[in-house]
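Based on these hints, arrange chain D on the given structure of chain B.
Protein chains: 2
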Amino acid sequence: MTMRTYLQVLLERRPRGWPSEDDFRVVESTLPPIGDGQVLVRGLYLSLDPYMRGRMNDGPSYVEPVKLGAVMCGEVAGEVVESRHPKFAVGDKVAGDLGWQEYAISDGRGLRRLAPVSPLTAQLSVCGMPGITAYVGLLDLGRPEPGQTVVVSAAAGAVGSVVGQVAKLKGCRAVGIAGGPDKCRFVVEQLGFDACVDYKAGDLRAQLEAATPQGIDVYFDNVGGEILDTVLSRMNTFGRVPVCGLISQYNATEPYGVKNFRAILVKRLEVRGFIVFDHADRYAAARADLAQWLAEGKLRHHETVAEGLRAAPAAFLGMLRGANLGKQLVKLA
Amino acid sequence: MTMRTYLQVLLERRPRGWPSEDDFRVVESTLPPIGDGQVLVRGLYLSLDPYMRGRMNDGPSYVEPVKLGAVMCGEVAGEVVESRHPKFAVGDKVAGDLGWQEYAISDGRGLRRLAPVSPLTAQLSVCGMPGITAYVGLLDLGRPEPGQTVVVSAAAGAVGSVVGQVAKLKGCRAVGIAGGPDKCRFVVEQLGFDACVDYKAGDLRAQLEAATPQGIDVYFDNVGGEILDTVLSRMNTFGRVPVCGLISQYNATEPYGVKNFRAILVKRLEVRGFIVFDHADRYAAARADLAQWLAEGKLRHHETVAEGLRAAPAAFLGMLRGANLGKQLVKLA
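Sequence order for the protein chains is B and D. Numbering (the working numbering) for the first sequence: 1 to 333. Numbering (the working numbering) for the second sequence: 1 to 333.
So that you can see chain B by itself, here it is in the shape it has in the complex (with noise of 0.2 Å):
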């Protein structure tokens, strides 16, 4: 076997607030042999996502910090290159947590070979981590009734863009809630959600009204802060509020103060905290369903690729900004 150089992202320091380019550092590496019971994965696309911003702060959360010098975290969808493993063949499509780098050497845990779902790309947004989340989230949690009215917010991201489609395919009004002219078009004739609501156009109270005449019973929350807070007052009665996500808070060196917590009582509504991997349970129902929708022409996934690994620190930074539709993925190779 030839040594083999390969690119890699580690963590280079914490930021505080925004992150910058000068956070990650880009490096060549050597691959060493794999060993026994070990695969050499070739990575292909690598997902970036928005949990990943709370990956880079030290201090507690709902799971270990990366560690400076690492190799940050992420989703990869890949090719079996090599291996000495029982389970896997050289030519397996897989997925795992392989981190941002161009090659990855896996033990076989937390790897999945993948289903012949078509594109590759599919398996890393509406079939992937970001389809279960928003399938669980909005079905386990949120629990729509057919005629009810869900809101999204981040509803062009890789989330909230399947959660809207979900509550369409379950009988719902589904509004969404995103940034800009260009996603809420999106939103509406790509994906075909009921209406959106460009939050930065101001006025988003009055906007949100109107786009909910009956009220709001699920709000499938992505961001937290002030769109949260205006959301709330518009909940009925015995509403539930999955809070998947707090993206406006990630880089906020204050957090922003929630008033409007007396719609919780007054409302009586149910607010849960929830994060995919405690659901893994419902992995194999929800991967089922998403994968029959999307075979049937009944969910659409859309992507924003950048190219090459070198791409990816830019790539992240832009999409906690906002400047991706759908799913933000780095194409590898």
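In short, the hints are calculated from the structure, not lab data. It is possible that some hints are incorrect.
Which copy is meant is left open, so a pair is good if it fits within one copy or across any two.
Said to hold, decoys possible - Straight-line distance between alpha carbons at most 25 Å, and here's what the computed SDA-like set of lysine to any residue pairs gives:
#1 K331 to R55
#2 K200 to H302
#3 K67 to G110
#4 K259 to S233
#5 K259 to S248
#6 K170 to G147
#7 K259 to N236
#8 K87 to R113
#9 K259 to P15
#10 K259 to E226
#11 K170 to F277
#12 K259 to R14
#13 K259 to G225
#14 K259 to Q249
#15 K259 to R55
#16 K259 to D58
#17 K170 to D194
#18 K67 to R268
Coordinates of chain D only, in the frame set by chain B:
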């Protein structure tokens, strides 16, 4: 039948911020004769509860506001003194939402005959709405498990005092939050909580850490605001937060901004507002358990009793400021 005069307390004007005695008006009225299907109840005790502050406001809430010039709402325990109703006889002890008045005419709707629990005051406290609220909120929403830590604010109040005692009966560590050393002593020494934190002593966070070495699994919130915010940072993963009241906010002209909302996501908390009236299907079970615990001496009750209806406004204002220990009642006759 002789014409009878009696006292009533009317809502005179809607307060902004803290109410004052001038917001109420005590009037002397004349009782009309009762009609077919009606009973006349002589009030013995009036219950004063924080939720009444909300009813003094106009604007949307979970129930209709009290109309200006109308009798203030409130639960009364009393005695039937005249009856033209087939289900009630003179001498029956009854309770219902009869309002701030010495006598009330009822058509029997919402009026319940009291079980023979002595003393009568317990029917408005541990076996009344406050006790049922504590029972349903703690057991159904909080779902505490033996060995877990339950924290309740307004721990010396009518609801909080029952929450902690029931938590102890279920094998939990019960920690109260109350204002001042007298209340904290009462909560620990009289009610049997494991600890009580004095939020007026400053450094709530450090006190809370010392009192909850294993973190907090259930926070029964009666107060909202800064105390809630501080407790959120101390919650354990998968903790439950039944939101029963927001006393700290009832008289606030600007709502407090909850900064620790992030804990809901990171710790996957379940925060749920509730109103006991939504859980009428649980009243019978709650009353049965509470009455049994009371009879067995496992549940203590304590009332602060004001004398005479004219004292009701001042007693109500005192309760909002936390002057009472246990249930605040007004002795009517």
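Hints versus structure:
no.	hint	in the structure
1	K331 to R55	within (22 Å within a copy, 60 Å between copies)
2	K200 to H302	within (22 Å within a copy, 54 Å between copies)
3	K67 to G110	within (20 Å within a copy, 62 Å between copies)
4	K259 to S233	both (10 Å within a copy, 17 Å between copies)
5	K259 to S248	both (16 Å within a copy, 13 Å between copies)
6	K170 to G147	within (9 Å within a copy, 41 Å between copies)
7	K259 to N236	both (17 Å within a copy, 23 Å between copies)
8	K87 to R113	within (9 Å within a copy, 71 Å between copies)
9	K259 to P15	between (28 Å within a copy, 21 Å between copies)
10	K259 to E226	both (9 Å within a copy, 12 Å between copies)
11	K170 to F277	within (24 Å within a copy, 31 Å between copies)
12	K259 to R14	between (30 Å within a copy, 22 Å between copies)
13	K259 to G225	both (10 Å within a copy, 9 Å between copies)
14	K259 to Q249	both (15 Å within a copy, 10 Å between copies)
15	K259 to R55	between (28 Å within a copy, 21 Å between copies)
16	K259 to D58	between (28 Å within a copy, 19 Å between copies)
17	K170 to D194	within (13 Å within a copy, 48 Å between copies)
18	K67 to R268	between (41 Å within a copy, 24 Å between copies)
Figure legend: structure checked against the earlier numbered hints; every hint is met.
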